[in-house]
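Between the sequences and the hints, there should be enough to build the whole structure, so can you do that?
Chains as they are written, first to last, in my numbering: chain R, 1 to 219; chain P, 220 to 433.
One thing to keep in mind: the hints can contain errors.
[What the hints assert, rightly or not] In silico SDA-like cross-links for lysine to any residue, where the CA-CA straight-line distance does not exceed 25 Å: (1) P/K243 <-> R/R152; (2) P/K396 <-> P/I321; (3) P/K243 <-> R/S215; (4) R/K213 <-> P/N235.
It is worth saying that the hints were derived from the structure and are not from the lab. Here the structure is a predicted model, which is why all the values come from computation and not from measurement.
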Amino acid sequence: MAMLIRDLRIAFRQRAEIMLPVIFFVVVVSLFPLAISPDPAVLKTIGPGVIWVAALLSVLMSLQNLFRSDFDDGAIEQILLSPYPGALLVLARVLAQWCVTGLPLILISPLLGLLLHLDFHIIKVLFVSLLLGVPYLSMVGAIGVALTVGLRQAGALLSLLVLPLYVPVLIFGSNAVVSAAKDMSYNGQLLWLSALLVIATTLGPFVISSALKVSCSYR
Amino acid sequence: MNRPVSSGNAELLAENLSYEINDKLILTDLSLAVRSGEILFIEGGNGSGKTTLLRILCGLMQADEGRISWNGESIQSALLDCYQQLTYIGHATGVKSDLTTIENIRFFSAISGLPASSDIQSALEWVGLSGYENSPGRHLSYGQQRRIALSRLMINSSLLWILDEPFAGLDKKMIEKLQDRFVEHADDGGLLILTSHQSIDLNKMNSIRIHLGN
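Below, the structure written as structure tokens:
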């Protein structure tokens with residue numbers, strides 16, 4: 001709990017920095033109509049994919065510095081040496097990160113859906129799919145960050161590690177929205193997203209804390 | 220002053236530790252023991268493996284060979300008990316630049332899992348930071364940030380202190396105060412392991428010395 005409060009407090013003191021991924025998300029999505037075509041028919045077909053890809057990239061972007069400052073200033077050692085379970089503290093850290101980047105991104109997505117001429121019931125499905133998918137992206141991304149935090153230039157490696165794990169969620173997520181647009185059933189995709197989310201949030205924290213231990217022991 | 224939670228006959232024992240980085244032996248067959256009331260002072264030049272040894276002792280790194288035990292139990296099985304009793308302060312202080320002095324201290328005591336016994340204000344006075352309660356960490360000097368980390372020695376009541384270069388970046392007066400605190404901790408039955416490459420007059424402290432390196 002103290003961990004969550006601390007991280008939220010730090011995040012709010014760095015407002016400009018935490019807003020960046022959300023701004024990136026909005027800008028990328030709103031550039032597509034300009035670059036491709038403002039035709040509603042076109043936007044309706046590419047809309048779900050565009051929003052999902054932009055969301056995925058901005059989550060990846062927001063994670064780059066997840067453990068960086070804690071690692072550099074030694075706070076991570078104090079966290080690992082705490083008698084509280086490392087997984088719990090790490091979960092709080094990821095949750096805080098999700099509250100300031102993932103959540104705003106999900107909340108703003110219906111507006112962007114409107115911008116791309118998606119119908120209301122499709123926006124609803126888009127919203128739910130992001131609600132299930134984005135926490136998974138944060139959690140799995142955090143595993144990659146924890147593994148690479150000790151390296152000097154980790155950005156490219158992080159993407160290589162994490163993107164293959166992101167692909168299933170991207171497919172299920174955008175496919176759910178596309179199916180909804182074709183009036184087909186999309187429950188299957190949403191169930192898959194839920195299953196992946198459950199796996200990631202239950203096992204992820206343990207993996208992250210062991211990965212941090214490994215990163216810390218080779219500095 | 221605060222008494223350690225369970226003073227008595229605590230013991231940290233390391234046997235035959237070896238560690239190498241890039242084919243260079245840092246530690247070879249090193250054994251040491253610290254018991255309640257003892258201060259272990261590890262000397263050695265830069266790169267002699269002081270920090271590595273401390274990080275191995277508190278479990279942040281694994282030795283290639285050797286065994287560490289806390290109160291007779293191997294460190295792996297006694298990890299939780301040991302961490303409850305451990306205060307480790309390394310080179311990096313863990314002070315967040317976006318949090319104020321008070322917020323930093325509160326966070327440290329929250330994750331240390333020990334009840335914050337004495338009030339934070341008196342600890343701040345002890346480290347000479349009263350008046351800086353609400354300054355964010357980035358406005359403080361290196362020495363002041365170190366003092367924030369050291370204030371933990373006043374606030375929590377853990378038994379085993381592992382301190383890497385505790386005197387670095389501090390003025391003479393603070394070093395004196397810190398040594399008094401170390402002696403007091405040992406008298407209360409605490410264990411203390413510290414390193415330094417500076418030749419500090421440690422006459423005040425009745426310590427066991429180990430010299431690493433050549």
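Here's how the hints hold up against the structure:
{"no.": "1", "hint": "P/K243 <-> R/R152", "in the structure": "holds (22 Å)"}
{"no.": "2", "hint": "P/K396 <-> P/I321", "in the structure": "holds (21 Å)"}
{"no.": "3", "hint": "P/K243 <-> R/S215", "in the structure": "holds (20 Å)"}
{"no.": "4", "hint": "R/K213 <-> P/N235", "in the structure": "holds (23 Å)"}
Of the numbered hints listed earlier, not one is contradicted by the structure.
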